[in-house]
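**Student:** Listed below are the residues making up each chain.
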Amino acid sequence: MSNVPSDLKYTKSHEWLRTLPDGTVEVGITDHAQHALGDLVFVEVPEAGRKLTAGEAFAVVESVKAASDVYSPVTGEVTASNAALASEPEAINSDSYGKGWLMRLRPAGASPPALLSAAEYEKLIAEEGG
Amino acid sequence: MAFIPHTREDVEAMLAAIGVDSIEQLFDEIPANLRLSALAGVPEALSEMEIGRLMAERARLDGRPLCFIGAGAYEHHIPAAVWAIATRGEFYSAYTPYQAEASQGTLQLLYEYQTMMASLTDMAVSNASLYDGASAMGEACLMAVRANRKSRSRRILVPTTVHPHYRRAAAAVAGNQGLVFEELPYCTEEGCIPPGSLGRYDGQDITALVIQQPNFFGRLEDVDALCDWARARNILVIAVVNPTSLAVLKPPGQWGSQDANKGADIAVGEGQPLGVPLSSGGPYFGFMTARMEHVRQMPGRIVGRTVDVAGRAGFTLTLQAREQHIRRAKATSNICTNQGLLVTAATVYLSLMGPAGLERVAAASHARTRELVAALSRVAGVRRLFRGPVFHEEAIALDRPVAPVLEKLAARGIIGGLDLTEHYPELGPALLVCATETKTTADIERYAGALAECLREARAA
Numbered sequence: 001m002s003n004v005p006s007d008l009k010y011t012k013s014h015e016w017l018r019t020l021p022d023g024t025v026e027v028g029i030t031d032h033a034q035h036a037l038g039d040l041v042f043v044e045v046p047e048a049g050r051k052l053t054a055g056e057a058f059a060v061v062e063s064v065k066a067a068s069d070v071y072s073p074v075t076g077e078v079t080a081s082n083a084a085l086a087s088e089p090e091a092i093n094s095d096s097y098g099k100g101w102l103m104r105l106r107p108a109g110a111s112p113p114a115l116l117s118a119a120e121y122e123k124l125i126a127e128e129g130g
Numbered sequence: 131m132a133f134i135p136h137t138r139e140d141v142e143a144m145l146a147a148i149g150v151d152s153i154e155q156l157f158d159e160i161p162a163n164l165r166l167s168a169l170a171g172v173p174e175a176l177s178e179m180e181i182g183r184l185m186a187e188r189a190r191l192d193g194r195p196l197c198f199i200g201a202g203a204y205e206h207h208i209p210a211a212v213w214a215i216a217t218r219g220e221f222y223s224a225y226t227p228y229q230a231e232a233s234q235g236t237l238q239l240l241y242e243y244q245t246m247m248a249s250l251t252d253m254a255v256s257n258a259s260l261y262d263g264a265s266a267m268g269e270a271c272l273m274a275v276r277a278n279r280k281s282r283s284r285r286i287l288v289p290t291t292v293h294p295h296y297r298r299a300a301a302a303v304a305g306n307q308g309l310v311f312e313e314l315p316y317c318t319e320e321g322c323i324p325p326g327s328l329g330r331y332d333g334q335d336i337t338a339l340v341i342q343q344p345n346f347f348g349r350l351e352d353v354d355a356l357c358d359w360a361r362a363r364n365i366l367v368i369a370v371v372n373p374t375s376l377a378v379l380k381p382p383g384q385w386g387s388q389d390a391n392k393g394a395d396i397a398v399g400e401g402q403p404l405g406v407p408l409s410s411g412g413p414y415f416g417f418m419t420a421r422m423e424h425v426r427q428m429p430g431r432i433v434g435r436t437v438d439v440a441g442r443a444g445f446t447l448t449l450q451a452r453e454q455h456i457r458r459a460k461a462t463s464n465i466c467t468n469q470g471l472l473v474t475a476a477t478v479y480l481s482l483m484g485p486a487g488l489e490r491v492a493a494a495s496h497a498r499t500r501e502l503v504a505a506l507s508r509v510a511g512v513r514r515l516f517r518g519p520v521f522h523e524e525a526i527a528l529d530r531p532v533a534p535v536l537e538k539l540a541a542r543g544i545i546g547g548l549d550l551t552e553h554y555p556e557l558g559p560a561l562l563v564c565a566t567e568t569k570t571t572a573d574i575e576r577y578a579g580a581l582a583e584c585l586r587e588a589r590a591a
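From first to last, the protein sequence lines stand for chains F and G. Quick note: the first sequence uses this note's numbering, first residue 1, plus one each step. Quick note: the second sequence uses this note's numbering, first residue 131, plus one each step.
In short, the hints are calculated from the structure, not lab data. Do not rely on the hints blindly, as some may be mistaken.
Derived DMTMM-like pairs (lysine to aspartate or glutamate); straight-line CA-CA distance at most 25 Å [said to hold, decoys possible]: (1) 280/G <-> 127/F; (2) 460/G <-> 47/F; (3) 280/G <-> 69/F; (4) 392/G <-> 47/F; (5) 538/G <-> 501/G; (6) 280/G <-> 47/F; (7) 65/F <-> 127/F; (8) 460/G <-> 122/F; (9) 460/G <-> 69/F; (10) 99/F <-> 127/F; (11) 280/G <-> 26/F; (12) 460/G <-> 90/F; (13) 12/F <-> 26/F; (14) 65/F <-> 231/G; (15) 65/F <-> 438/G; (16) 280/G <-> 120/F; (17) 280/G <-> 56/F; (18) 460/G <-> 77/F; (19) 460/G <-> 56/F; (20) 99/F <-> 423/G; (21) 51/F <-> 423/G; (22) 392/G <-> 438/G; (23) 65/F <-> 423/G; (24) 51/F <-> 335/G; (25) 65/F <-> 95/F.
Isolated chain F (complex conformation) (with noise of 0.2 Å):
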């Protein structure tokens, strides 16, 4: 049974969102992506200063079975990238929702994005049968 914090934000796409105390928020794949995907052995972070558009990849995680991309829920400016990700990808597997956090950006315009929350997004790793 996977992990599903409440107090969080999720995508269809499954990757989390955390709104933080300055008003960034923080995004990384949540605990089913990282059991569905295996130990992982790479993970490819952006740049700060890179402006995301929501919907749009900025990571590429790669496990012993599949290389696959992250996409970022909101339309922003990267803040920050979880550097530490380079040495140890396995964070990714062992503390999906901190120590593997992948980005921190500053969402642009004032409206959230349509994200799902931790209930709707257990109902939908239930139908995909996760």
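Dock chain G against the given chain F, drawing on the hints supplied.
**Tutor:** Using the frame of chain F, we list chain G on its own:
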């Protein structure tokens, strides 16, 4: 003989199983305007007997000329053992077998090849080869765009001293992917890129700089200054190098004057000089090596050394998540193979020569070229075109159009070099000549004598 083992019944059974009427129908989703009904210019098939006779006649037309043309492909001595080994049944195959459980010998050979190329270029990692030097440069430009994440411009600076065919091939390979190639002019006195001329790009977003060493004219570029300029500006450096020359010249991994952070990012080149015959232009192979930080952006296959379940050393393809069968449309490249047979020959060649042998080939080629240019420069109406050092080819200027002179030389059984007029009209009548270790003093004197005669005839006409 049919090379497709399926009988008509097999094909019909398979089509019935998937509910399709004909093989043609499988391709319906490709729009008609993108499909060729026939290959223009490709004649009907010939029998083995007919093709054997045709090729023997064509080979006779080539004759046995004395060849002083280089310009990207070089006539070197190939020890007889090279192809005796490369064509053994264990290696000789129409398609490189990569299955680790069945192909340890092939994989070990490719691993040894990668080790040799990484050592020769002084770069951290090599792939298992690409199709040829020109397309390898195109792949290197695409790779640089993926690897240089500080740059968004996709602008690649390409000096006009880079082989004209390589520039065309790179544009063909990469041009439709939004890369912009900007040509850097060269100094017509020196035949090189003046590093000072790069100043006008300061402050601009440039993704990569291509540097060919020796350049197309055989001249040595100031690679340290060019590399320093690029690296100080987050511009990736793509080295295009001749593998033989690396036995005597500074390898791309050491380009630049700074101790830390020096060297090119990607090195590519044509592998033909390493044991592959000229054979009318191909097949050859391209090589590519890179800094370790760029390994996941490399195209092609990479063989790694590992251990099996019992802890025994073995070899297998590695980093395959870059490749098409895993990443589909987002693969780093559509190249999912290598030039296995040519790479086998090159690996055998390099192991037979060793570092000392390759250095002797390089030094002898350089000495022969100097002897050739000295002999030709004594001919009335001939002079050296550029000042400065060369490796094993050099441009010379003639006092009259080159093409008729080359025709007269050909009639005397001599291929006199490459006419530079088509690609570099600003140089006037100019000829690119090359001598490798295969040329003797008698060969060189024969050429110089014939050139003097041909020029006299041309003057008299």
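**Student:** Checked against the structure, which of the hints given earlier come out wrong?
**Tutor:** Numbers 1, 8, 10, 16 and 22, in rising order.
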